[in-house]
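Protein chains in written order, with my numbering: chain A, 113 to 454; chain B, 2 to 301.
If you are wondering where the hints come from, they were derived from the structure by calculation, not from laboratory data.
None of the values given here were measured: they were computed from a predicted structure.
Incorrect hints may appear among the rest.
Keeping only pairs whose Cα atoms sit at most 27 Å apart, straight-line, the calculated BS3-like set for lysine-lysine is [claimed, not checked]:
hint, chain 1, residue 1, chain 2, residue 2
1, A, K164, A, K202
2, B, K22, A, K246
3, A, K320, B, K259
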Amino acid sequence: MVASLNYLFKRVFYSVFIVIGIIVVTYLLIILSPGDPAARWAGNPRGPGAEKAIEFARVELNLDKPLYLQVILFIYNVLTGNLGVSISTKTPVLTAIWTHMSSTLELLIFAYIIGIPIGVLLGVFSSLRRGSFKGDVLESIGFIVANTPSFWTGMALFLVFSEVLGVSSYGRIDTRLATIMGFKPITGFYLIDTLIQGNIILFFDVLKRLIPPAIVVSLYPIGTGIRVVRVLMSEALSEDYVKQAIALGVSRRTVIWDYAFKGIIPGLTQVMGLSFVYSLVDAMVVEYVFGREGLGSLLVGAVVSNDFKLAVATLIIISSFYIIANTITDIVQAWIDPRVKL
Amino acid sequence: MRIRVPTLMISVVSTVRRVWKRRMRFRIGLIIVSAITLLAVLSPFIVPYPSEGWGLIPLNETNVSGQPPSLAHLFGTDDKGRDLFSRVLLGSSTALLQIVLVVGVSLVIGLTLGVLAAYYKGLVEYSLNYLIEVFLALPAILIAIPLKMAFGPGLHVIIASMVLTWWAWYGRVASVYARSVCEMDYVTIPKLSGLPGYKIVVRHVLRNVSPPVIVQAVTDFGSVLLEASAINFLGFGLPPDYPDWGVIAQNGLYYITKMPWISLIPGFFIMVTALGFSMIGDALRDELDPKLRRRWRLWF
């Protein structure tokens, strides 16, 4: 118990250090790029109030102080959640990111709920049929899926849904219907919100618009699932304890699922945790294609309105999200896997 | 005294020849990649409408915008009346340029720092590993945005943002390999006999670490292309009229129901190129990594 707490603290402590490193790197990115950093931080203002805005930004970035103090104050500001007000949305940057992130997370989580079981099942199936035609076809599918740009699949699927099936999958929710029915976002996860408010029509509307992008995002876990499970499972099936189980006459199903598959769960957890984090970028691209409100649309808007503050804040927060997710994955993996010493 | 790992003794040519004979996947991949490279090299000479390919809008714009594929315009024309075939053709050289620059630069940085992190102990090791961890966590797509705002759109943004993240990946791979190489006799014996550190690093460690890391880099060509085109698609890297597959696909996004060819054709090219590179890398890795080479069938 003491040992595992020790590991936990070490891991968390290390990840806090890395988050601080990320903040320092982004601050250097702000300072070292050409031009006046204060003007860029204020959104390159023009007109009568420009001088004042730039002066305000200069104070906010502490540009009159020595560099080491600037960095320390910036770290302090970020860690206390003080990242300023976004220029394009006029709301605190953190609030803007959080409200948009819930939409992205909804898409991601839904996609992984579809994707992981399919990927794992197909991977186990293909590992049992290594070298046969079916196994090769499955492996090739995994290979092709892993090498297709998500925006391309997204656009193709959008076309299929709108032109062939006649279902509009644009946006997150039918806004007109939502206003008529008096829908209010509570958690930001629209699937849950509509259920809480007992609105079945809107629930199916949200689901209808969620499924096509979720299919696109889920292609990545399916592809990695097939490839990773195939490799891990093939190795697990040649382990001695599996051979022994076969020799003892344990049934095929028990050998596959209770012996071999159980052994690969820790490795699988780690890979899926990593791929969940990588899929965040995928989800942003897919959101942009399907016109959903989310991190993708927020960032595209930030680029259009030259919102430097929002861009920097997103960089810091999502990178920290990477680190936190990695840490959680590592801890979960260590907790599942009895061979890893805590 | 020269002792090297077997992978280094096999010259590149003989490896390629051996893999070519044994792997169907390698053959297909090499053919695809050679075709794309040929297209990229020849594109300045065979492109039918060079000025439109580079983003200029033709004079009689309304007459030709949004034409479906025909003989005059093999891939049709885009929303501004430009010949899509020219743009996609020029895009192949942009794609290869991005891949080669990003992987090349990050490979040099990553190999150097990764080997140093493994060879020198103490402060150097800790600080370099820490740097690698930090940069591994930064997603390229998000670095590109502030870089674009500060420097303006262009190739430099996409190259810089991707190098900043990819070097860390090669750094980690290199340091993992280098850690085991540093335990070898051919590193410890020169160290004991007093050869200076930099000579050991260059002559013994780097030479033995590079082949597997380079194979890893070849495997990544496809992912680099996918990531770069995702950044360009969202408009965080190259300017909107640049002949790049991601940018062209983005141009067609708003016309996806009326003129689907604008987006689907460059996307298809990205897919094929990424597949070709990944096939080569996969076959090479399977062939050179003895642990995965095991071929067997399940017996029950």
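Here's how the hints hold up against the structure:
Our distance criterion of 27 Å between C-alpha atoms is met by K164 of chain A and K202 of chain A, whose separation comes to about 17 Å. At roughly 24 Å between alpha-carbon atoms, K22 of chain B and K246 of chain A fall within 27 Å of each other, so this suggested pair holds. Our distance criterion of 27 Å between C-alpha atoms is met by K320 of chain A and K259 of chain B, whose separation comes to about 23 Å.
When held up to the earlier numbered hints, the structure conflicts with none and fits them all.
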